[in-house]
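Which chain is which? The protein sequence lines are A and B, in order.
Quick note: the first sequence uses my numbering, first residue 1, plus one each step.
Quick note: the second sequence uses my numbering, first residue 1, plus one each step.
Simulated from the structure, these hints should not be mistaken for lab results.
Certain hints may be false.
One copy or any two copies: either way a pair holds, since identical chains are not told apart in the list.
Think about it this way: if two alpha-carbon atoms lie no more than 27 Å apart in a straight line, the pair counts; the simulated DSS-like pairs of lysine-lysine are [claimed, not checked]:
#1 K267 with K254
#2 K29 with K97
#3 K242 with K97
#4 K267 with K242
#5 K102 with K201
#6 K211 with K24
#7 K24 with K97
#8 K79 with K200
#9 K97 with K211
#10 K200 with K259
#11 K24 with K171
#12 K24 with K254
Protein chains: 2
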Amino acid sequence: MSLGENWFSEPAQGHAMSLEINQKLHEEKSPHQTIAIYETNTFGRLMTLNGLTMLTSRDNFIYHEMLSHPALFNHPNPKDVAIVGGGDCGTLKEVLKHETVKSVTQIELDERVTRLSEQYFPDLCESNSDPRASFVFEYAISWMQHAEPNSLDMIIIDASDPAGQAKRIFKESFYRDCLNALREGGVVVAQSESPLLDLKKIVDLRTEMQKADYAEIQTIQFPVASYPSGWWTATLARKGQKFGDFREQMARHKSFDTKYYNADIHKACSALPQFMQDAF
Amino acid sequence: MSLGENWFSEPAQGHAMSLEINQKLHEEKSPHQTIAIYETNTFGRLMTLNGLTMLTSRDNFIYHEMLSHPALFNHPNPKDVAIVGGGDCGTLKEVLKHETVKSVTQIELDERVTRLSEQYFPDLCESNSDPRASFVFEYAISWMQHAEPNSLDMIIIDASDPAGQAKRIFKESFYRDCLNALREGGVVVAQSESPLLDLKKIVDLRTEMQKADYAEIQTIQFPVASYPSGWWTATLARKGQKFGDFREQMARHKSFDTKYYNADIHKACSALPQFMQDAF
Chain A
1 MSLGENWFSE PAQGHAMSLE INQKLHEEKS PHQTIAIYET NTFGRLMTLN
51 GLTMLTSRDN FIYHEMLSHP ALFNHPNPKD VAIVGGGDCG TLKEVLKHET
101 VKSVTQIELD ERVTRLSEQY FPDLCESNSD PRASFVFEYA ISWMQHAEPN
151 SLDMIIIDAS DPAGQAKRIF KESFYRDCLN ALREGGVVVA QSESPLLDLK
201 KIVDLRTEMQ KADYAEIQTI QFPVASYPSG WWTATLARKG QKFGDFREQM
251 ARHKSFDTKY YNADIHKACS ALPQFMQDAF
Chain B
1 MSLGENWFSE PAQGHAMSLE INQKLHEEKS PHQTIAIYET NTFGRLMTLN
51 GLTMLTSRDN FIYHEMLSHP ALFNHPNPKD VAIVGGGDCG TLKEVLKHET
101 VKSVTQIELD ERVTRLSEQY FPDLCESNSD PRASFVFEYA ISWMQHAEPN
151 SLDMIIIDAS DPAGQAKRIF KESFYRDCLN ALREGGVVVA QSESPLLDLK
201 KIVDLRTEMQ KADYAEIQTI QFPVASYPSG WWTATLARKG QKFGDFREQM
251 ARHKSFDTKY YNADIHKACS ALPQFMQDAF
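Chain A with its partners taken away, still in its complex shape (with noise of 0.2 Å):
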């Protein structure tokens, strides 16, 4: 059958996600893009720039979490923290529930999708007003290039896909700068795409991880039901130091709850299907 008009869909390759509507909440076009908000009929609500998902109420949490707590867990005591995009909120509140960490600067280009993410989405922006958060809202790139060195532990891409201005965050010169701000063992984690449709693109972007003199790289792979086709990966590099073995008895009894993330998903995440591994 054919989908009514009451359908947004995000068609990628010959193949489409889609979710039904109940009603456009909001639509602008602020000066980097075009965002709308929309509420869903089983999904929650739907956040997209310039058509593009970006999170929905129901299934965000995995992603979030599996952005967050894997390389959280992986590194002994992760302190300064870096999210680059991120702008609806819901890394940062998932890096705030960990004691060790101190600060976290978001760096998103957007304001606007924070601010709209904290009127329609709240329950992601519950943790904004935490001390131990600060908003930056400026090009990563240019930030990340005159960041302190040796000054952070961790550093969340939580961007866009590589097209336009944020190719530049999967390429090389980004990651160097990138291992400049981090301190010895700090780990680098960003999104980087499907399996299924864009096995190359996690392929580039482990080889610019590569090229920028990180000691280990590892990739994760988690189900988004929202992002085409279903299936999502991060990808994990570190500072200097193998990754060796997760805070598995920490994140076995960690002081927060999580709905996707626990110990047992953190041991099977890195785990490759065959055609994966072989393209590694």
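Keeping the supplied structure of chain A fixed, place chain B upon it in accordance with the hints.
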């Protein structure tokens, strides 16, 4: 954007997966259902039954491998296997890769599904002439009621979603018949829907299996881009014994190729997200 007329869409609970169609290759009403076959733009061929995606050339390998190899490597020496449904023969092909397997009986109601698969998905049917394979075209429910007790090591339920007739395949009485047909230590494995969209169906299936007195039940997860939400499960149950260790060395050094499954994935696929652990 909304999708044009040349897309096949499967809406499910306010969410839809769609594939761009190049050409409809075939459509017929068999005695049991409407079967359609399309050439898609990027997912190879697509078979639908009553408008629901059965498989695509591009991503069926994940589903078929995950329905077969985890269960088969969980068993110390699977010799005699029954497949319930599975008319496209993709599961059969994976099962026959195992040298321990001496016989496989496929009980598919609709012979036309198998004949059309032979015609349009020849790679899935390349082992159909293996002398260990036999084909029965009848109701699996009655076949299982009359199956010889203690005659099977493995039963793989590769059937439609639990609606209409297929509902009975998700019920205690069917799993009791399977239990009787299985030898001690035998394993039944059933496709068990999407964790995000159908959590209650998975819980219900596990309950029905529990009522039928299996010694242990285990749900595994994997991605299937062309199924609703892109995320799927299978649920395994074992007669008389807990699962214990799988044949890891055999899985690591298996004599055949796979594209998704490997020993790392085997260990990882039973790690469940927190919301699933909580629900079980």
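Worksheet item: Can you tell me if K79 and K200 fall within 27 Å by alpha carbon in one copy, between copies, both or neither?
Response: neither (33 Å within a copy, 40 Å between copies)
Item to complete: Classify it for me, K24 with K171: is the Cα-Cα distance of at most 27 Å met within a copy, between copies, both or neither?
Response: neither (36 Å within a copy, 42 Å between copies)
Worksheet item: 27 Å Cα cut-off: does K267 pair with K242 within a copy, between copies, both or neither?
Response: both (16 Å within a copy, 22 Å between copies)
Item to complete: If the cutoff is 27 Å on CA atoms, where do K97 and K211 land: within, between, both or neither? Let me know, please.
Response: neither (33 Å within a copy, 40 Å between copies)
Item to complete: Go through the copies and call it for K211 and K24: within, between, both or neither, with a Cα cutoff of 27 Å.
Response: neither (44 Å within a copy, 46 Å between copies)
Fill in: Intra/inter-copy verdict for K102 and K201 if alpha-carbon distance must be at most 27 Å
Neither way: K102 and K201 sit 33 Å apart in one copy and 43 Å across, limit 27 Å.
Worksheet entry | Within, between, both or neither, where K267 and K254 count as close if Cα-Cα is 27 Å or less | both (15 Å within a copy, 23 Å between copies)
Worksheet item: At most 27 Å between C-alpha atoms: does K242 with K97 qualify within a copy, between copies, both, or neither?
Response: Cα proximity of K242 and K97: one copy only (25 Å, versus 37 Å across).
Fill in: Within, between, both or neither: K24, K97 at alpha-carbon 27 Å
Answer is neither: 32 Å inside a copy and 51 Å across each miss the 27 Å cutoff.
Item to complete: Tell me, please, which holds for K29 and K97 at an alpha-carbon limit of 27 Å: within, between, both or neither?
Response: Classified as neither; 33 Å inside a copy, 56 Å across copies.
Worksheet item: Between the shortest in-copy and the shortest cross-copy C-alpha distance, which are at most 27 Å for K200 and K259: within, between, both, or neither?
Response: For K200 and K259, only the inter-copy Cα distance (16 Å) is at most 27 Å; the intra-copy one is 30 Å.
Discussion item. Treating 27 Å as the Cα threshold, decide for K24 and K254: within, between, both or neither.
Written reply: So K24 and K254 fail the 27 Å test inside a copy (38 Å) and across (53 Å) alike.
Hints 2, 5, 6, 7, 8, 9, 11, 12, counting from the list given before, are not met by this structure.
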